[in-house]
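Residue numbers (my numbering), protein chains in the order written: chain Z, 1 to 284; chain D, 285 to 568; chain S, 569 to 852; chain C, 853 to 1136.
Worth flagging that the hints you see were computed from the coordinates, not collected in a lab.
All figures in this text were calculated on a predicted structure; none of them were measured in a lab.
The C-beta atom is built at its ideal place from N, Cα and C for all residues, glycine as well.
Some hints here could point you the wrong way.
Said to hold, decoys possible - In silico BS3-like cross-links for lysine-lysine, where the CA-CA straight-line distance does not exceed 27 Å:
{"#": "1", "chain 1": "C", "residue 1": "K1000", "chain 2": "S", "residue 2": "K847"}
{"#": "2", "chain 1": "Z", "residue 1": "K252", "chain 2": "S", "residue 2": "K664"}
{"#": "3", "chain 1": "Z", "residue 1": "K87", "chain 2": "Z", "residue 2": "K148"}
{"#": "4", "chain 1": "Z", "residue 1": "K96", "chain 2": "Z", "residue 2": "K279"}
{"#": "5", "chain 1": "Z", "residue 1": "K96", "chain 2": "C", "residue 2": "K1000"}
{"#": "6", "chain 1": "C", "residue 1": "K939", "chain 2": "C", "residue 2": "K1000"}
{"#": "7", "chain 1": "C", "residue 1": "K1104", "chain 2": "Z", "residue 2": "K279"}
{"#": "8", "chain 1": "D", "residue 1": "K432", "chain 2": "D", "residue 2": "K371"}
{"#": "9", "chain 1": "C", "residue 1": "K1131", "chain 2": "S", "residue 2": "K820"}
{"#": "10", "chain 1": "S", "residue 1": "K847", "chain 2": "D", "residue 2": "K371"}
{"#": "11", "chain 1": "S", "residue 1": "K716", "chain 2": "S", "residue 2": "K655"}
{"#": "12", "chain 1": "D", "residue 1": "K563", "chain 2": "D", "residue 2": "K380"}
{"#": "13", "chain 1": "D", "residue 1": "K563", "chain 2": "S", "residue 2": "K847"}
What the hints assert, rightly or not - Computed Cβ-Cβ distance ranges for the label pairs, DEER-style:
{"#": "14", "chain 1": "Z", "residue 1": "H28", "chain 2": "C", "residue 2": "G1053", "range": "44 to 54 Å"}
{"#": "15", "chain 1": "S", "residue 1": "P580", "chain 2": "C", "residue 2": "D893", "range": "35 to 45 Å"}
{"#": "16", "chain 1": "Z", "residue 1": "E63", "chain 2": "S", "residue 2": "H646", "range": "33 to 43 Å"}
{"#": "17", "chain 1": "Z", "residue 1": "G201", "chain 2": "D", "residue 2": "G485", "range": "48 to 58 Å"}
{"#": "18", "chain 1": "D", "residue 1": "R490", "chain 2": "Z", "residue 2": "R211", "range": "14 to 24 Å"}
{"#": "19", "chain 1": "C", "residue 1": "D893", "chain 2": "D", "residue 2": "R373", "range": "21 to 31 Å"}
{"#": "20", "chain 1": "D", "residue 1": "T431", "chain 2": "Z", "residue 2": "A183", "range": "51 to 61 Å"}
{"#": "21", "chain 1": "Z", "residue 1": "G201", "chain 2": "D", "residue 2": "G561", "range": "45 to 55 Å"}
{"#": "22", "chain 1": "Z", "residue 1": "E63", "chain 2": "D", "residue 2": "D532", "range": "39 to 49 Å"}
Listed below are the residues making up each chain.
Protein chains: 4
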Amino acid sequence: MTATAVLLLSCPDQRGVVAAVADFIAVHGGNIVHAEQHTDDVEQVFFQRVEFELDGFSLGQEEILPAFAQVSSRFAMHADLRFTDHKPRVAILASKQSHCLFDLLSRWHSGELPAEIVTVINNHPDHASLVEHMGVPYLHLPVTPQTKATQEQEVLRALNEQQVDLVVLARYMQILSPALVNAYQSRIINIHHSFLPAFIGANPYRQAHDRGVKIIGATAHYVTEELDEGPILDQEVSRVTHRDSVADLTRKGRDLETIVLARAVRAHLEHRVLVYGRKTVVFS
Amino acid sequence: MTATAVLLLSCPDQRGVVAAVADFIAVHGGNIVHAEQHTDDVEQVFFQRVEFELDGFSLGQEEILPAFAQVSSRFAMHADLRFTDHKPRVAILASKQSHCLFDLLSRWHSGELPAEIVTVINNHPDHASLVEHMGVPYLHLPVTPQTKATQEQEVLRALNEQQVDLVVLARYMQILSPALVNAYQSRIINIHHSFLPAFIGANPYRQAHDRGVKIIGATAHYVTEELDEGPILDQEVSRVTHRDSVADLTRKGRDLETIVLARAVRAHLEHRVLVYGRKTVVFS
Amino acid sequence: MTATAVLLLSCPDQRGVVAAVADFIAVHGGNIVHAEQHTDDVEQVFFQRVEFELDGFSLGQEEILPAFAQVSSRFAMHADLRFTDHKPRVAILASKQSHCLFDLLSRWHSGELPAEIVTVINNHPDHASLVEHMGVPYLHLPVTPQTKATQEQEVLRALNEQQVDLVVLARYMQILSPALVNAYQSRIINIHHSFLPAFIGANPYRQAHDRGVKIIGATAHYVTEELDEGPILDQEVSRVTHRDSVADLTRKGRDLETIVLARAVRAHLEHRVLVYGRKTVVFS
Amino acid sequence: MTATAVLLLSCPDQRGVVAAVADFIAVHGGNIVHAEQHTDDVEQVFFQRVEFELDGFSLGQEEILPAFAQVSSRFAMHADLRFTDHKPRVAILASKQSHCLFDLLSRWHSGELPAEIVTVINNHPDHASLVEHMGVPYLHLPVTPQTKATQEQEVLRALNEQQVDLVVLARYMQILSPALVNAYQSRIINIHHSFLPAFIGANPYRQAHDRGVKIIGATAHYVTEELDEGPILDQEVSRVTHRDSVADLTRKGRDLETIVLARAVRAHLEHRVLVYGRKTVVFS
């Protein structure tokens, strides 16, 4: 597998965009290995993900965006360029529950995630030994209502020091402040243990049990200032019955949470996600 | 297939209930063909569905409940007895959209539903010809904001005249009055075109599209006075993407609606549902 | 909705294809409303579906393919062009079971299928009345082992006379001869009541029951000379348990069959399917 | 949670069985917390799982089966009794791939599995460090075609020494000999990476890719002498498209394998499985 370049584009919908982008790549000797596009007919916005081989391309990585400016400026296009030989740096924030944390570490360990997991930050000391045994630095930053502001500054400092590209909240039970959210806009993925927008807030499995639903869910979303209202990346569901207690829902939900969070993280790391408004385009 | 009796039981959880019920059936020469039970550990309520063969049973259909009173009174039990050789009488209330209506008629036509569909009531004239061609009387009862009360009285009169056991709202777009709801408590099944409790109210597919969910759903529930808050019988979901317009969600949703409504109606007709509070026990 | 043109393309994978196609459309004033591509890395084949608006396009419908020849010949491309203002003519072949037949008619009746259903051919007389009531000619062509060859000639004649574009086997229980299959290559869709390649041949639900599987399925595929071996269009599954008898599997399977057949027919009618070898590319 | 007793029963179907079992428990002061039954109408076999509280039961654990003999002998019943305060001893056999192994260890670590994982046996040295870090002895038993018989004797000796109740093949790539299979009949669970009976044997994901299926699956089954033919415990599936390479199927399949294996192991550990012929009854 040679390295490829991934262009994530959005612009007002107009004629000739696809041809202009394809021409730019063809003219410089590029080979498109994957392209996918979407037009939001209501908002009249065009989105595209184009992946092309760097091997044989006549421009160096640093030269591509400047050269592409003639296309992007012509179509009032927002262009984001990434390279698959750059591994995004990921921080996982976790708490007492370990299922999402261990699952992500396990996938990373087996080479499934195209990323570097550079730190695990936890407000509890629980999983330090195993995390460190897997070769990831573990930062224990306890928090109380009184120390919340200070602790979050420490979190932010650690993220900055580690030059983190993506923050994954793996059942981290703290609500992030607007400052932290805005510092990593569209770069913090949370897993909420319900089928959003059902059961916003605390104890969604209890809420689901009280309502007597026959299906439960989990939702991965980007974190915004409004709790549980950020753009949804992925969701998954599981059938339940009257026999399932709150504990059963919680257990079944854990499998949903791990899988849907892993899928969302993977989509983000593969540069397949475009955010617009409160929605996402997730290319396949 | 010989006829069977179905006992639907609920009572405070206590020792000896299962044995007492099984003894009653064994003593009268009955053969249990299916039994399923559930205990709500939180509410401390016991539920059971017991199905036994009438062939060889020493009591006539009319004698069973009186004889069973010695068991039910001992355990403060609510007992509901039905026979599979009695086909419940069903009324379908529909509107302009035909998918749920035709699906139910098609299943009934092929013998899949253990019921008599005795009438289709519609506030529009749209599907009269096909419904009547399938041998079901079609009652066109138009409604305006001014005539709503009168129209509903006509609906109620028709249901009563036809001795209807179950009312199915097959995308009937009118909100029923408390009078009608209470006259057929736990006997009116509605299909709501969202994954309740998400997207209560009007235009759920538009709401789902605006929120950018990745999964849509449909919910069959008993109708109560509170809109979209009744006990849930069944739910089903389908994956969607950013490519799906509101029209696409609506189309995909139709398949969910037909299937989940048919499953819920079937469960009710087979006497597999017990309602308690705002929940259901749906035996398999 | 104005009419659009749909180009279905396949060619050896090579640089510049996407640009050449996009240029052709842009040069003639076309607006691409949807484009999707796929490269089979193993076979080194490129596939594309491009849909563009006819409104404002500088070439007439008849002129497009000849003009496009300069692109298609340059890339050794197979190009198939269709227009959404042409409704494909569909024949449904059915037998005693009605669920797939009625479902397709119901969808067509409500305008969901972009097609003309021009005839229903059945080797049994069962559903003539309802089909004709819905306005579709019903051709009863009974068959016995002795008359099979003759009957199939009559089927073929009817298809030809009606200028049928697509043949849908809606649980038609007869095996088609190679002559008929080859006359409508990649234009006959069958629904097989198993999760192929499991349970090829007769009585798949009994086979599934005997094997004790926990999930059953249905498969829509193009018909080829080898029974149940044609390219798969779509599949769907449903969970079952030890409690499900063969009759239960059959009933649950009917819902799978109707849905998966309808989805496959819809994909074909929307020109989203490319066949290669024994596989399909089904664009979304 | 106090300890409970679980009776797993099977016998020829006959009148009075349910009453006799319930009476036995009631007479000794037991409280049934869960009961589920099933009758195979074709084979005329009755199955039951009855779970009752030991607290307040008038018989000691050792006295129950002897006392119950009067019931079981009367109905020619096979009775299996287990107690939830006894944690089954589990051995995991693994190979190079770690996803199922780590998933089971992670669930066990968090208390989700009611078992003791007493050993991990691996023909490769790969995961020794992490397994031992989690507190489980790791036995590296390499195997070659020449040493296969000897290696398996060592496996068998280790299982016997550890008094293993359940053997889990977590993507263990060796075929077990009949001797080992028979020593642990209905106590060896394997995960096969296909939707059995489709794609028996080697490389099922490649087979699935070649056939062009639209859904892939995984199957947990008890191991019998016939490869991939043992009684199925559970299955799960996932949708795939033409875009998925063999590597994608393999990656998506890993999630299926981990989840379905964990569910099957959990069902076995909770004494919810009865095997008969080549099928299972899996109570819920």
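Tell me the numbers of any earlier hints that the structure contravenes, in ascending order. Violated: hints 1, 2, 3, 4, 5, 6, 8, 10, 11, 12, 13, 15, 17 and 21.
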